[in-house]
Amino acid sequence: MQSSKLGARVTRRQFVAAGALGSAALAIGCAAHEQWSWDFLSNAQARTLKAICDQIIPADDFPSASQAGVLTYIDRQLTRHYGRYRDAYRQGLEQAHTLSIKRFGRELDVLTPLQQLQAVSDIEQHDRTFFNLVLVHTMEGYYGSPRHGGNRDGVSWRMLGLADPPVLGRAQYSLTSEPGT
Amino acid sequence: MKRVNAVIVGAGAAGGIVAKELATAGLNVVLLERGKWYTANDCRKDDLRNQRTTVLGNAFGPEDEGNPRVWVDLQGAPHIALPSEGAYQNNAACVGGGTLSYGAQAWRYMPQDFRMRSTYGAPQGSSLEDWPISYDDLEPFYEKAEYEIGISGDYSGTPFHGLRRRALPMAPLPPNREFGILEPAARRLGLHPFHIPMARNSVPYNGRGPCMRCRWCVGFACEVDAKNGSQNTVIPIALNTGNCELRTECMAKEILTDDRGRARGVSYFDSTGHLQEQLADIVVVSGCATESARLLLNSKSRLFPAGLGNRSDQVGRNLQGHHYTGAVGFFDFETYDDVGPGASIAISDYNHGTPGLCGGGMLANEFIRLPIHMVDRLPANTPRWGAGHKQAMRDFHKRTIVIMGPTQQIPTAEGRMTVDESVRDKWGLPVVRFSGNVHPHTFEIGQVQATRAEAWLKEAGAISTSLMAGKPQLVSASQHQAGTCRMGNDPKVSVVNRNCQIHDVDNVFVIDSSVHVTNGGFNPVLTIMAVAYLASEALVRNWKGTGFRS
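Protein chains in written order, with the working numbering: chain A, 26 to 206; chain B, 46 to 595.
Simulated from the structure, these hints should not be mistaken for lab results. All of these numbers come straight from a predicted model, not from anything done at the bench. There may be inaccurate statements among the hints.
Said to hold, decoys possible - Every beta carbon over 12 Å from chain A, so not counted as near; a handful from chain B, in silico: (1) G121; (2) D199; (3) R260; (4) T293; (5) F376; (6) D421; (7) P424; (8) S467; (9) G473; (10) G515; (11) V538; (12) A583.
Unchecked claim - If you want a taste of the chain A side facing chain B, the calculated C-beta under 7 Å gives, among others: (13) I81; (14) P83; (15) I126; (16) F129; (17) G130; (18) L160; (19) E165; (20) L187.
Don't be surprised by glycine CBs; every beta carbon is placed ideally from N, CA and C.
Please construct the entire structure, taking both the sequences and the accompanying hints into account.
Here's what the structure looks like:
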């Protein structure tokens, strides 16, 4: 990944600059294995949400939120445990889209990284309830169990230096399959 | 359906023990459990859906669907709470109850914990009281629980606990890295650190192997069955006698009484939703503090219009859990080795004896830390999101120690639960309704405990710290819920006598944390178990072969 040249510590400004270089390559890389079809989200909603999630957890040495499957996590949960948040997502993403058009004249996902950062900071200020919802769900998807679609291949645990599986040779149950399988 | 000697409602910490003791003594027993019998396979390494971190629901019940409760805020407005939400104050609903997925700290309370009113006097606005039994009364039963359930640990480092006749049956697990950092720091402060007693095998015990020290401990069922609960100790023994039948997914509706006011048995919804009646000589209620009280309050009849055992309007009052406070310490070196169960070292120097404070609590390092737990526990200047947050996760996940502890709560009559006739669960039964708040002095004690945790972390080398000392705007209960059917000698201010027999009806017993007069500054499970052994012994002693006579 391109941003790995920056080393472990990157400032936000450095990251933003690197992200501009990296995003084109990542878009191609993702398209190969990312199924761009969703249970709940429309493609337009997913593009907006991806831009927000990837500001919350941007790529550096380790994947961004969307690269680690956070959109899959959120989309899947909106048809399951988080069904009660569907309206909040519909309205919140619509407002985020409107905000981006008003302020920058373009959709959130095609803004420059710096503009995206400004737009997402605006969303945090003006639509705090929705932003907090996405923030919490993004963290869950990224740092939670791979079973639910996020934290692909346990990548965040590797990032934190946690052994996986925790005790070699003793883990009976796989990380990703459903119970009873 | 065949009449039996005893029907027990709830197969948790206490119900399993009562089942084993009665079945072993030759009584025939039906053990009803509203949940299922789960294994580790039902909750595999899922950070988001286990019994401690419930963002996608409880792994071991109850489900969010059809199991609401009501909580009333301090302005008097009622709100619905779902089982995966904090205000629900959930414990597990399954065979083993909380003991399937708990962290398994297995503490004895201290002698003073049984005479809080005599020791401190009752703070204004409280219902602080002494237990009708003492530590010495319970000591043999603590020992029995420690040996039958299987406890590892070592109290020898602390001079503050009550006398004991036998050491714990298993030595503690080898110390983890946090123990090595915190132990000398505590000694430098003049404190008395020691190994936490745990219902967890450190060596092969009771036919099962030792802990494999993985990350998936508190909140999960143990993958190698090294954690000891009622589901892998006393309940199998009860079933093996041939005298005990366990019926899972059976929800008790009410305790049935005859026109002379004695209990006839229990009506319940079976796993297919059909209403059944199990007649019995005696009824034992072991559903945990909230659900046991709910069953009594929902057992209304002509003779007991306010619910069974509730003639003095005491059922549901004095609800307690623990007020947890502490501190997070951030270090410039790695403190965390990701070795389970995580919690390893404790002090009980601060449980009693601080002038001006009505008790206190033990302090210990926290259980194993899932990454999701660190997301909002980073240093105060960390951005909430973005590259800075991601970097802080990397910087501090392994450079953090959390010390916290259960402040013993001051009970009040108004910190309580009732049942809400207007809100029903999926069986149509009125649900638990919480109201009131924690006594203000409990918050004061909790604040002091947090600064003590902070001092310990600083002495251990923390470069910065943050306090965890919130003031919840709601009565406290949760996994440590207790107190709703207080044990006492005076029927006007208690629900059961010292043998856990309800004052109003001589063949109904409440045997679980409901009877705790106060809840100690420790995790309560070993006391729940010891009381269950004590009450079972009295019950068997008074059993006349064809019926129970007090």
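Hint numbers contradicted by this structure = The structure conflicts with hints 3, 6, 15, 16 and 17, although it agrees with all the remaining ones.
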